[in-house]
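Novice: Take the sequences, apply the hints, and build the full model.
Protein chains in written order, with our numbering: chain D, 1323 to 1760; chain V, 6 to 403.
These aren't lab readings, by the way, just hints derived from the structure by calculation.
Here the structure is a predicted model, which is why all the values come from computation and not from measurement.
Among the clues, some could well be false.
[Claimed, not checked] If you anchor each label on the Cβ, the simulated ranges turn out as follows: (1) D/1351 with V/268: 44 to 52 Å; (2) V/351 with D/1646: 39 to 47 Å; (3) D/1643 with V/256: 43 to 51 Å; (4) V/271 with D/1351: 19 to 27 Å; (5) D/1676 with V/153: 51 to 59 Å; (6) V/258 with D/1421: 40 to 48 Å; (7) D/1587 with V/385: 49 to 57 Å.
The beta carbon of each residue, even a glycine, is placed where N, CA and C say it ideally should be.
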Amino acid sequence: MSTGTDVLAGPAGPDVKNVRDRADVRRQVRFLVIYGLAALVLLGFALSIDNPTVAYSLAPKFDINDPPRDVNGLRIVWITFAITALALVAAVLNRIPRSVWGALISVVVGLSFYVGLTVWYFADQTETNFFITNPLPNTIQYAVPLVLGALAGSLCERSGVINIAIEGQFLAGAFFASVTAALAYSAYVGLLGGAAAGVAVAAMLAFFALRYQVNQIVLGVVLIALAGGLSDFLLGQIPTAGANPSMHEKLTSFETLAPIAIPGLSDIPLVGDALFNQTILAYIAMVSIALVWFLLYHTTWGLRVRSVGEHPKAADTVGIRVNRMRWQAVLLGGVFAGLGGAYYTAGSTGAFTNNASGGEGFMALAAVIMGRWHPVTASLAALFFGLMLTTEDQFGVLTKFPTQLLAAAPYIATLIAIAGFAGRVRPPAANGEPYVKS
Amino acid sequence: MSETDASPEQASPTPPEPEVRERGANAIVDTAVTTALAIILALLIGAVLIAVSNKDVIEAMGYFGSYPWDTFTRAADAIGTSYVALVEGSVGSIGSVRETLAKAAPLICAGLGVSLAFRSGMFNIGAQGQMLVGAMAAGYIGFRWDLPPGIHLLVAVIGAVVAAGLYGAIAGLLKAKAGAHEVISTIMLNHIGGFLLAYALAQEAFQITGSDEPLSPRVADSARFPEIFGVHSGVLLAILAAFLMWWILERSTLGFELRSVGNNPDASRTAGMSVAKVYTLAMLLAGGFAGLAATMQINGDGAQLSDSLVGTIGFDAITVALLGRGSPIGTVLAGLLFGALQVGGISMQASPAGTPPELALVLQSLIVLFVAAPALVRHLVRIRDEQSTTFTAKGATE
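Specialist: Following this line, the structure appears as structure tokens:
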């Protein structure tokens, strides 16, 4: 990658300096437009702030021991503007490298835009006195199911099985996690139930996709509808409070997972609470990212999984059992997706309600594609969604934006992200193609 | 080289033709049989679900040891009552047939949109968002503008079709120009559409005067679909829409390009078609059909715009399109079936068995699942023609 950079973007020599293909020009225009808009908006923020004092706290909530501190918001907005303007200049000169550093510049611009927006949003309060809280703990919480879902998606799709049905796995996992947790009086047992339900949906996916070669996108949609319908149907059959109060009580109320603080580490300022004072599910998610990455990229098993996803015939020729590898990858993915679903009941609110995961399985799917089918980048995309959802909550206390449009912001941001940065993505070559030995 | 170049040109155009035709004749019978079997299988699984979750049956299971027969009679009773209610509620009387038609019309229209995008190789999950935007346009024109009858309805329908079409085209444009995967962009547009509607319903322009509720006034009578035989005439419009889609796909140049891009975008590009244009236009049309579906909801019975007006029609439309296999007539039939299931599902809940209406959803998805896996259906009911045995044998050996 880095060698191509010099030829296309940098001054590699007087002869090749002016040779540029259309994709390169398009890339530059894309950066110009996006950085330019960001810089313009930040400039607008800087000019519109009257009262520069903004309060912030590193704690997620009001903490008497760590009261909110004041800071000059105007200065911060100007700094973020300067960073964005620098990136814009680099884009004008076409000096944005194609390597990881180029992506890093985009991330820095994105973060400064986020900071500038937040500071502007909380500046100039006249009647209220809200302060900016630490968004990280909630970001991690929101991201936990998305990360688990995205891991399931990358595992499946790396092996060549399209998994639209993450939302279905979430719903099944959420429902059965709540039922098993209630019956066993333990949210931890609920996690097992959730994982089992996720595996069950995954098994249906594998059964129909691999044994009967059903179109996998059709299958995904159907499994979502089936999981949604079935969980709602069974929910409707759970005795109502009037008919059988004790049973109803038992099935709808149980203790959810409690956060476990890791001594020492959880006291680290800024990130301690976010990373080391979470429920077991969050720790599972963090470990799972590393686990799936290691499995896929540093074991023989992972190499085989990826090979059947890219070129099943070649894999078959060297003696790899294509459909067996796919079964394994899909079922393992089911464990993660089911755990992700368990977050919506055993991990947070308790009882299952109609459509508990609220379409977040689709967000996980979006994270898989944004993260280009790689477990680590897909998890980063999931974190981005988590940050967006947290911001929506944070901004909700003030009414500088109409709340409904604010709620749409994460989705608009995703649209901009996939249209502006992710661009044309390349799925695993044999994704969605059934393999029939001939 | 010259030999191989020449031979396909001579051989390929003639021989496949009769084979395709022969298969076409058989395919209709084949499709009908598999679909019927799929429905029966789905109903059987549904019966098991009703039996094992019915509270009387569960109670009888408690003393299964002493009176085992009780469990079975109660299960049979619950299943019988539920399914009789399902049929009677959907097609048992003129009134219920009317309800079924009114329920099916938007499903058909939105399903046509999904089918059309499907034929051009795109998976349009965005019917929901497109319908929401269409409903906003049709509703606003319906209750805020003052036009003579007839023209008012026409303007409202056109407004909805255009608004939803443009909203759908966003996803097509993003795919064509920026390579954004349409599955993600339509999912995001669904969410955004929902919040747009919520925002609109918080504005005075959309609310009943003097009220602060997120509910609009009723659509004016002049913007309502006139009734024919007790059903609003939007139902007829749905049939017309199916015909229009058939015409677009089979008789127009755009339809040819659309199917060509759906079959092989690279070959179409080489042949000189603008794939970007086709993607955008296909999504524009798909959105238009979804917009039409929205008018059935809001102009059909003079409804009020609210956040629950569209329900889950946009998502059900995906299963309708899948069951209809991308063909206009199939989509119409699938829409009618799902409309009947949903109307019948409500009377199932009202029946003594009290089966939750969500069973209709389960049945819908099971039907599509079995239709998509014809080999499985044949395997289960032991129809062993040559093709199916080889097919399953292949799957079994992996």
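Novice: In ascending order, which of the hints set out earlier in this document are inconsistent with the structure?
Specialist: 1 and 5
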